[in-house]
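**Q** Letter by letter, the chains look like this.
2 protein chains.
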Amino acid sequence: MKKFYLIIITVFFSCTQQLAIESELPRIKMVSTFDIALDKSKQNELELQFDKVLNPQNLDTWMKHMSSKPHHVGSPWSKQNAEYAANKFKEWGFESAVETFEVLVPFPKVRKLSMVAPNKVELKLYEPAVEGDKSSEMTKDVLPGYNAFSADGNVTAELVFVNYGLNEDYEELKRMGINVKGKIVIAKYGRSFRGIKPKIAHENGAIGCIMYSDPKDDGYVVGDVYPVGPYRNEYGIQRGSVLDMPARPGDALTPGYAATKDAERLSIDDAPTIMKIPVMPISYADALPLLKAIKGPVVPDSWKGGLPITYHIGPGPAKVNLHLEFDWSLRTAYNPVGRMIGSVYPDEWIMRGNHHDGWGHGASDPISGMVSLMEEARAIGELTKTGWRPKRTLIYAGWDAEEPGLLGSTEWVEHNLKDIKENMVVYINTDGTGAGYLSMGGSHSLEKFINEVIRDVKDPVHDVSLDSRLRSRMRVREFNVGASELNEESERTDLRIYAMGAGSDYTAFLHHAGVPALNMAFGGESGGGAYHSLYDTYEHYKRFSDGDFIYGTTLSKVNGRLVLRLSEADILPFRFVNMVENIGKFIEENKKLSQTVEQSTKLRNKLLDNNDFTISRNPNKTYLQPERLGQVPEFDFKPLDDAFARLSSSAWKYEEVLLKFKKGSLSAEKKSEINSLLRKVDQAFTNNNGLPRREWFRNMLYAPGYYTGYGVKTLPGIREGLEERKWDEVRLYINEVAKALDRASNNINSASRILNEN
Amino acid sequence: MKKFYLIIITVFFSCTQQLAIESELPRIKMVSTFDIALDKSKQNELELQFDKVLNPQNLDTWMKHMSSKPHHVGSPWSKQNAEYAANKFKEWGFESAVETFEVLVPFPKVRKLSMVAPNKVELKLYEPAVEGDKSSEMTKDVLPGYNAFSADGNVTAELVFVNYGLNEDYEELKRMGINVKGKIVIAKYGRSFRGIKPKIAHENGAIGCIMYSDPKDDGYVVGDVYPVGPYRNEYGIQRGSVLDMPARPGDALTPGYAATKDAERLSIDDAPTIMKIPVMPISYADALPLLKAIKGPVVPDSWKGGLPITYHIGPGPAKVNLHLEFDWSLRTAYNPVGRMIGSVYPDEWIMRGNHHDGWGHGASDPISGMVSLMEEARAIGELTKTGWRPKRTLIYAGWDAEEPGLLGSTEWVEHNLKDIKENMVVYINTDGTGAGYLSMGGSHSLEKFINEVIRDVKDPVHDVSLDSRLRSRMRVREFNVGASELNEESERTDLRIYAMGAGSDYTAFLHHAGVPALNMAFGGESGGGAYHSLYDTYEHYKRFSDGDFIYGTTLSKVNGRLVLRLSEADILPFRFVNMVENIGKFIEENKKLSQTVEQSTKLRNKLLDNNDFTISRNPNKTYLQPERLGQVPEFDFKPLDDAFARLSSSAWKYEEVLLKFKKGSLSAEKKSEINSLLRKVDQAFTNNNGLPRREWFRNMLYAPGYYTGYGVKTLPGIREGLEERKWDEVRLYINEVAKALDRASNNINSASRILNEN
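For the protein sequence lines, the chains are A and B, in the order given.
Adding 1 to a residue's 1-based position in the first sequence gives its number in our numbering.
Adding 1 to a residue's 1-based position in the second sequence gives its number in our numbering.
This is chain A alone, in the form it adopts within the complex (with noise of 0.2 angstroms):
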């Protein structure tokens, strides 16, 4: 579902964040999980076995037939393809079964759009085939450009340009007078998942909502269009959903519980997350006469996008009719599960997912990543055959409508929520996946753990390691933007993975159940302009992304080793120091939040005061001075600071258990029970309130900002709480967050004492 925007976050992350506890990582000495919980010699062997099963040639006989025709939930090739990925678990030995729900999902009856003033312009809203591509020609069942849970509506107004859509743009919008109500938008997609677009436009009382993909951010600015080139031609249309996922994912008619046949279900008209104004995506070609057509102010420098006029804001002259109506059926989702029961922990779960759902023919997003999961359960499957049989139960799963919004993942996280809570150790996810560098997500409880594994995986391209590879980028990144001395990042013991948003099935995993999640992908030598267009063929990943399937291939050693190291370690690879590291710097960026929040109030005030804006403005434009704010009251960090510190220590006490610890001297029961509380640690970090407004999230680290959707906000009640200037909230979640510490604490503490009594 979401691409491009896990590469920008790692950068971000990888770039501007700075260690606060690093400096304390040489303290002791740190043991691997092949000194603590693994044969060092019998796991390579494994590993070696498995590699030499993979076939780069199965994913591309996989990827042409399950991307040969659109699949999207619902479509005769949904089910197919997952009756396709049952029927292979089987094959390689796994206990199989196409598990369903029946979720809403409306498809578009009467899509219209046209421009009615100052001139008539009838847009085209369609795709054409394009040369070399066969599948752009296959264009039965396709559904076309649309946005998912829009609301039906006829609607005619005036349209207003607003950037992209965001608060901020608001704001902006407010100062130079202009007001949206009653009128139609027209955003750029980009800088937040789309629902966020519809949903602030209707809080600020626009009537419509129209998307484009700008070709500044996603067209021919970026590089060569498609067919030439891998990039976003004039005619390709983003569609996607707008469901609104930052409130809760999954069916929107089944809040918190399963979409069984039988299950209960809300009215349409009273689901929250369904959009109450109509949207509509359109391609930039249709864009251009809307935008050239907006006159009033010109937008500011930041707004400016790539086509070849001069933006304007309006509102108006530019007036549309947007009338749309949908079919609002219940379809069948199809969901793909195969088990291999555990020989030894048959109840302490590792799972596998992607989802195999599309829009249209969806060859990148999901099949690339789908196709890598299934080359990678056969190697598992493959190693059956000598006898072996992994230690925990490995659940591989294909989720269906994922598109619309992680319904088919939610679902199942709702279906099943006690028994994973209770038995899941890790959910590891993919997604479309690409060519170039590993991009690494989740919880930073397994952020060691994927450092040993891809410090054991070579790129396939450059004989060198990933962990090199990325530590190459990192350094060459920092001297190509002038750098003279190395940022501590690309000097970091284990490199960091990004704290995630949402954007993918790991959302109700990691923040409704609780637990440890990851999401991983290749990406950045792909050129990405297919998304969620008619153009995500095989024939364009062929020629532009990992055409040879190599880095496909890599992506299963890496999570084959992932997979692998968890079933058979008697302890399990949770390590809490890195954990610790990573929410030390959460605290620090809130607490320097919280300074920027007040002195920028009082600086704000402070020019209010001298009359500065009206002073410095141009009389020839209108910009009003900002609002007056209120003062930001000082925050009680301490109970915060005080529970990371008995965090930290419990982390670093667990470390000196493992130090002093002999592999292979611990009972099974002790086992059992240490491992159960390392997988409940993640799981401390919920609290079944939620957070404001969206009690559905439960993860007190981590969450998809409620007004940016994709990315993440790190301690989210009080970040979000500073950002909205709701002290209650701040203050309320700085106690919660600190309970959440002390539950982990707890848990770690827990498992050092019988470690220790050992």
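Note that these hints are calculated values from the structure, not bench results.
Each hint should be verified, as a subset may be incorrect.
Mimicking DSSO-like on lysine-lysine, the simulated pairs with C-alpha atoms at most 27 angstroms apart in a straight line are [as the list claims (entries may be wrong)]:
no., chain 1, residue 1, chain 2, residue 2
1, A, K262, A, K113
2, B, K419, A, K305
3, B, K419, B, K671
4, A, K217, B, K671
5, B, K135, A, K296
6, A, K110, A, K262
7, B, K622, A, K217
8, A, K622, B, K91
9, A, K320, A, K182
10, B, K419, A, K296
11, A, K41, A, K80
Ranges between beta-carbon positions, derived for each pair [said to hold, decoys possible]:
no., chain 1, residue 1, chain 2, residue 2, range
12, B, K110, A, D549, 56 to 66 angstroms
13, A, K41, B, D642, 51 to 61 angstroms
14, A, D610, B, G133, 36 to 46 angstroms
Cβ coordinates follow ideal geometry from the N, Cα and C atoms, glycine included.
Based on the hints, put chain B in the right spot on chain A.
**A** Frame of chain A, contents of chain B only:
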């Protein structure tokens, strides 16, 4: 000549630079010019009289007349305007004459550019008249789009797109494995003086150079284009000189001496400042088919422009034929000069200047500044009607032939060099001016003085002083970029003036003669897309710039006060504490640069040792590793630090002496002696050997960049040595600057001694 850049430089300085010694400023009380050198009530009365006389309607009338026809050097209307101004000066009570030089200025004879492959395209090379602008219809005598001092030539070759055509761009091309040898380059205008682009292209082996205005920098991306808005439309061509002015401005055939009728002249072939390859400016409408036809690698992100294409680098397959021939005749440059001899100090000169020649109708550039200067001269003439006479000699000049290479002013300076060095107190320059905020550049010995004046002049729209408005803007800008605290610059006792590179007629005064110079203009609220095109007309100026001439009149108030206070002050208002603080900053910046060069050299070599460039690179793209660099030696800045400490001490000593000084207590002789010392402090910074490769540039504090051309390099001998890795130059100029500072200290100390003896 140069308008955009001034504003950019001001912003740069006000936003990024730190105060080194500001904290010392309150060490002693600072007296004002009124406290020590002027009768405040008499002076205020004089300035009030001056203000009363000013009438915006005069500026309007004169602009309408002077910009009614094209008036480049050598045109009938240039001569007419010179005589018009000279007659006005005479009418207003000045001794007036038109002084002439015979300067080389090529006019185009053959001007052809066409694409010959992959398809044939004849380019327009033509600016059509636009609706609502009568002037744009009057094209008799207009010089078409061309670059003065391009070589003659007829070349055919493949195109290479070289971004802005700067050294860093060629380094990037090298890493991409692209060579411009034997090719024709196409470069975007901007980021440097235009003559830099063909100069560097030639150094890299290119045989021709095309320059165009990209709409991202200068066209529809910036704002609505003419005639809807003020910005450059698709046909607008930026004319301009490509004389190698960073090496030496002025007449190409008479290096370092005046281009009098009978002067000895170089042959054109031997003149080093004439370009060696043909160069041609085009519009973005003409650039579009060329850039569209270029293939090869896609440009780096920072190279992208605003045309609706994917920018590629080439070489080819686009191939062009460029055929240029010029009429290499001498033209007469007419400088109208009005003198009002000082009643008390006739040998101390205060000079004002603004060029009068333009490309095309030149309403904004330069007539907007010229009419402000004329109104100022008229008002001074009016003051004399009441019997008042200036104590010092005032000289008002209109320079011809500024556009082709600062010819009129440079020849005048070279012709009068001895007298200028002996008698000139200050040269105050203006050029095109608009509406908005005052921009102030110049010699820092005058920084405090200028600040006194801008606190006494009100903005014509807002009821606050110019100083207050500038500070409001600084604060609001910081707020707008999200600062949480104010930067020290906006709270500085005196606003910083920018250090000057080149680009207008102060150049020969400041950089060759070494006399203190200032450059003053309004801007920031007037759109500038007519620069050097057919559309720089009265109609354009009226609609989009200072159409009611209230800022032009305010500029007269500012410069009038500078002139009147300089004229009447018993002791000249040079003040060295601000100067020293700025020089301290220059030294710190250069030291920091030496460290950065050393560290980034080490980093580059470390990454080469690691093989990072190879490991991290995308196998599908050519991107070679950068060259290994030699080690950077450590530089001994002690001689400079010591000299700076002495200068600082001299500056503060002078302030202490001023504090004790009793106004009116000096004999005429002593005054004369002190003022002679004071006005030569700035000249003490010059060195007759000049800068490396360009002895004409004698100022050790400031110079235009040899490879940037407009932008200033402070302590250029040291800084360019560091940038170009010429370590011997760095060592040499650390000592030369130290000696220059000591010469200045001696002058200040002598002045202090005489004042103290009093």
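**Q** Honestly, which of those hints from before does the structure not fit?
**A** 1, 2, 4, 8, 10, 11
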